[in-house]
Amino acid sequence: MTYLPYGKTASGPWSVEITPSLAGWTYSGLRIADLTDAPLSFDTGGEELLVLPLAGSCTVTIPGETFVLSGRPSVFDGPSDFAYIPISTQVTIEGAGRIAFPSARATRALPPRYVAAAEVAVEIRGAGQATRQVNNFCSPDAYQDCDKLMAVEVLTPSGNWSSYPPHKHDTPNEGEAVLEEIYYFEVADQGIGYQRVYSSERGHIDTLAEVSSGDVVLVPYGYHGPSMAAPGYDLYYLNVLAGPAEQRSMAFCDDPRHTWIRSSWDAQPLDPRLPFGRTS
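For the record, in the sequence shown the residue sitting at position 226 is 226 according to full-length UniProt numbering, with numbers rising by one throughout.
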């Protein structure tokens, strides 16, 4: 199953828990915790991970270091600061809010690190009704000190499409990386959006899901997109990606039927509603 509604994967302290074994793949994972008064402690084991406030703030304590994450009121209020935590590390999180933990199975223990919100690169991509904002906080170019893990945030104004043209990451070649991808959604004002995933040469897959806050769509292979923000409701999603390659890459291949869409953007203005929140 590629569509997982909110609550389907809740387990223990996690409101969302996507492990590689649950997803039926090897690398990518995601946990979401709704922090209140009680601290949350766990060991990263064989996974490197990020601590990313979606709403609220927290303190991250690991042996020898403490990171204070100021966070943000919501995902629509600009990028957040975040922390990188390596494999085999005991972590304690304290604070209040909704915190995401994108993760990937890894083998190298890289140094822990804090990254300020001001250091997160914000990109406006597409044009016209395909204009969207990408917070490249852990893309390969923006953050190099990961073994396998990649993650970005995408914000799509109401009525717009993102992850468009549809594309895939499932065939090893010079211009395409093989990746397992997670989409975690939040929608403004308790609204709805839609996500499409469909077949490629790798195999059959056919998902058109109505999504709301807390829902997840898994992309083991196949073309994915568009992600559609319903009129009246801004759409956010967190993408978590990882794969077998030694070098991290988000290289993709468009569905050849729709790649012409990119050239049409030259004649269209950017959506003036972007960017969301702060950009510095």
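Treat each hint with caution, since some may be false.
Pairwise CB distance ranges (calculated) [unchecked claim]:
#1 204 - 264: 26 to 34 Å
#2 175 - 108: 23 to 31 Å
#3 198 - 64: 43 to 51 Å
#4 247 - 123: 15 to 23 Å
#5 256 - 12: 42 to 50 Å
#6 94 - 175: 39 to 47 Å
#7 159 - 259: 18 to 26 Å
#8 128 - 247: 32 to 40 Å
#9 110 - 68: 16 to 24 Å
Derived from the structure by calculation, the hints contain no laboratory data. Heads up, the beta-carbon is just placed ideally off N, CA and C, and yes, glycines get one too.
Going through the hints against the structure:
Hint check: residue 204 to residue 264, Cβ distance near 30 Å, so the stated range 26 to 34 Å holds. Distance hint check: the CB atoms of residue 175 and residue 108 are about 26 Å apart, consistent with the given range 23 to 31 Å. Taken as a hint, the range 43 to 51 Å holds for the pair residue 198 and residue 64, whose Cβ atoms sit roughly 47 Å apart. The hinted range of 15 to 23 Å is satisfied by residue 247 and residue 123, whose Cβ atoms lie roughly 21 Å apart.
The supplied range of 42 to 50 Å is met by residue 256 and residue 12, whose beta-carbon atoms lie about 44 Å from each other. Checked against the given bound of 39 to 47 Å, the beta carbons of residue 94 and residue 175, roughly 44 Å apart, stay inside it. In this structure the supplied range 18 to 26 Å holds for residue 159 paired with residue 259, their Cβ-Cβ distance being about 23 Å. Between residue 128 and residue 247, the C-beta spacing of about 34 Å keeps the proposed range 32 to 40 Å intact.
Checked against the given bound of 16 to 24 Å, the beta carbons of residue 110 and residue 68, roughly 21 Å apart, stay inside it.
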